[in-house]
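Chemist: Residue strings, one per chain:
There are 2 protein chains.
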Amino acid sequence: MKTLVLALGGNALIHEGQLGMYAQQQTNVQNALACIPSLVRNGWHVVITHGNGPHVGNLQLQEQALHGKIPEMPLYVDGAMTQGQIGFMIQQALSIQLGKPVPALLTRVQVSARDPAFRHPSKPIGPYYSKKPPRGAFTHVPKKGWRKTVASPLPQKILELNAIQTLLKKEQVVICGGGGGIPVVKKGKKWKGVEAVIDKDLASQVLATALNAQKLVIATNVDFAKLHYETPWEENIVRAKAKGLECLLACKAFEEGSMAPKIRACIAFVEQGQGHAIICHTNQIEKALKGLAGTHITR
Amino acid sequence: MKTLVLALGGNALIHEGQLGMYAQQQTNVQNALACIPSLVRNGWHVVITHGNGPHVGNLQLQEQALHGKIPEMPLYVDGAMTQGQIGFMIQQALSIQLGKPVPALLTRVQVSARDPAFRHPSKPIGPYYSKKPPRGAFTHVPKKGWRKTVASPLPQKILELNAIQTLLKKEQVVICGGGGGIPVVKKGKKWKGVEAVIDKDLASQVLATALNAQKLVIATNVDFAKLHYETPWEENIVRAKAKGLECLLACKAFEEGSMAPKIRACIAFVEQGQGHAIICHTNQIEKALKGLAGTHITR
Chain A
62 MKTLVLALGG NALIHEGQLG MYAQQQTNVQ NALACIPSLV RNGWHVVITH
112 GNGPHVGNLQ LQEQALHGKI PEMPLYVDGA MTQGQIGFMI QQALSIQLGK
162 PVPALLTRVQ VSARDPAFRH PSKPIGPYYS KKPPRGAFTH VPKKGWRKTV
212 ASPLPQKILE LNAIQTLLKK EQVVICGGGG GIPVVKKGKK WKGVEAVIDK
262 DLASQVLATA LNAQKLVIAT NVDFAKLHYE TPWEENIVRA KAKGLECLLA
312 CKAFEEGSMA PKIRACIAFV EQGQGHAIIC HTNQIEKALK GLAGTHITR
Chain B
62 MKTLVLALGG NALIHEGQLG MYAQQQTNVQ NALACIPSLV RNGWHVVITH
112 GNGPHVGNLQ LQEQALHGKI PEMPLYVDGA MTQGQIGFMI QQALSIQLGK
162 PVPALLTRVQ VSARDPAFRH PSKPIGPYYS KKPPRGAFTH VPKKGWRKTV
212 ASPLPQKILE LNAIQTLLKK EQVVICGGGG GIPVVKKGKK WKGVEAVIDK
262 DLASQVLATA LNAQKLVIAT NVDFAKLHYE TPWEENIVRA KAKGLECLLA
312 CKAFEEGSMA PKIRACIAFV EQGQGHAIIC HTNQIEKALK GLAGTHITR
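Residue numbers (the working numbering), protein chains in the order written: chain A, 62 to 360; chain B, 62 to 360.
A couple of the hints might just be wrong.
Identical chains share a label here; the pair holds if one copy fits it or two copies do between them.
What the hints assert, rightly or not - Below, computed lysine-lysine pairings styled on BS3-like, alpha-carbon distance capped at 25 Å:
| # | residue 1 | residue 2 |
| --- | --- | --- |
| 1 | K251 | K161 |
| 2 | K287 | K247 |
| 3 | K247 | K351 |
| 4 | K161 | K231 |
| 5 | K204 | K184 |
| 6 | K302 | K247 |
| 7 | K231 | K63 |
| 8 | K192 | K313 |
| 9 | K302 | K193 |
| 10 | K313 | K184 |
| 11 | K130 | K192 |
| 12 | K130 | K193 |
| 13 | K204 | K351 |
| 14 | K184 | K209 |
Calculated from the structure, these hints are not laboratory results.
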């Protein structure tokens, strides 16, 4: 089975400057996924994962607006809600392009309760506050205010892996792993949701590796991974080996929270299997798969 | 394959008088689902569907609170979000009881664009307004205000039926069909979301019939379907034949929007197959399956 994992960045749904009206998002994601029918015709089994940053942020703002009147949900439940929201939008887009229904699965991802990330929350999420709230970890952003900061632990295991495999074999396209998955930790015989955010590219890599995928495609809002990004001597990386990228990572050549985790995901993917990883723009996925666009990473 | 479809009423998650704090809902649903492990041990393949009324109402209030700042989602997208929210809570509860992950699938349900329900919206949803809003269908509720009223068309087809069947065979328990499914109509080669609410019991019946299920269990907040409900001569219905219930429905013996659609779902289920239907309280599911509680309906 030829398997490809496509990780869609948030810009596949909401373009820069857009507010995120439903009709806009539906059009955007339909365009980003124009590549899927030809992949399916060529015998690829495709897993589609996606980000959820702006969606979960909006939902938290909406919940907070009625604080005290309607109980707010924990962050991981908000994550589950955006999996429903975005999963449906992707499902609708794919149904149009494939002429048949495509399943979307809720996905939980196990992290370690001992992950050092829990001692050093680093991922800012949700609304800004003018005063520092009494509880929780907050970071101050100049001119904007205090923002909640949560842990971003490493994904260890996709809980619904069996179901994803079963569906992928039979249905050929599966939507899952939204927003990096709903983070849970194992406590005895049960899983507990945790207030954290898992990087969606790293979760997509763990999934791609577990599925023995041949390709991991990370689609984002830049056309290449770049050296000296946003400087006058910026340079596209067209081809790269994992070892070379490791050196660049060590020199902090890529921005944390943005390109660095994508590069890390690609390195881990090519080093743990026989696969090939691509980083490309959401509107160049088809071209990138033909080798005509994007950054191509091999072992 | 012995298949049972269990349709959980909203009270399986939020009990009367509760606000719906996450921890409360998680405890409630865990109790309601205590019956699942023994069903699985006895070789049943179980599909769990659920209501979403209070959840979708809360979400709409939260969205409206930031009207003009964050784009509100259409009602069917809110439905998809609650499938994520409640699907996850059920998933967590089942993981504890079964010691293994259980898949939750987003589910779209096709309705007819020509369903007469679209000409006569009858289902009140969401917040109350003091003044009648300029657009859309609204109903006035004395002392409370104007409330949006949407169509409640009949479910025709579960779009993700194949995926549900595939998973059910392999994984034994599947969560799907939340809130009656996300309503879509077929337009040429594509499906379009529609502003409507599908009755979750009728959608569960369409699913149970399509799966050739042996049992349809509708779990709600009363222990029996009753004659002369809430009158001094109230009477529990313990056993009933479909034909007898049809007569009672014709005499308007059951409340619309409440017991009547449950009775209709049970009649349609037993008449279109060899199955047996049960209506019981969410905390008596196990007892009802042993024949010791609930209303039992056969052809």
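Chemist: Work down the list of hints and note, for each, if the structure agrees.
Modeler: Structure-based check of all given hints:
no.: 1; hint: K251 / K161; result: between (36 Å within a copy, 9 Å between copies)
no.: 2; hint: K287 / K247; result: neither (38 Å within a copy, 44 Å between copies)
no.: 3; hint: K247 / K351; result: neither (41 Å within a copy, 34 Å between copies)
no.: 4; hint: K161 / K231; result: both (13 Å within a copy, 22 Å between copies)
no.: 5; hint: K204 / K184; result: within (19 Å within a copy, 46 Å between copies)
no.: 6; hint: K302 / K247; result: neither (35 Å within a copy, 47 Å between copies)
no.: 7; hint: K231 / K63; result: both (13 Å within a copy, 22 Å between copies)
no.: 8; hint: K192 / K313; result: neither (33 Å within a copy, 58 Å between copies)
no.: 9; hint: K302 / K193; result: neither (45 Å within a copy, 64 Å between copies)
no.: 10; hint: K313 / K184; result: within (18 Å within a copy, 57 Å between copies)
no.: 11; hint: K130 / K192; result: both (22 Å within a copy, 22 Å between copies)
no.: 12; hint: K130 / K193; result: both (22 Å within a copy, 23 Å between copies)
no.: 13; hint: K204 / K351; result: neither (45 Å within a copy, 64 Å between copies)
no.: 14; hint: K184 / K209; result: within (8 Å within a copy, 39 Å between copies)
In summary, the numbered hints that this structure violates are 2, 3, 6, 8, 9 and 13.
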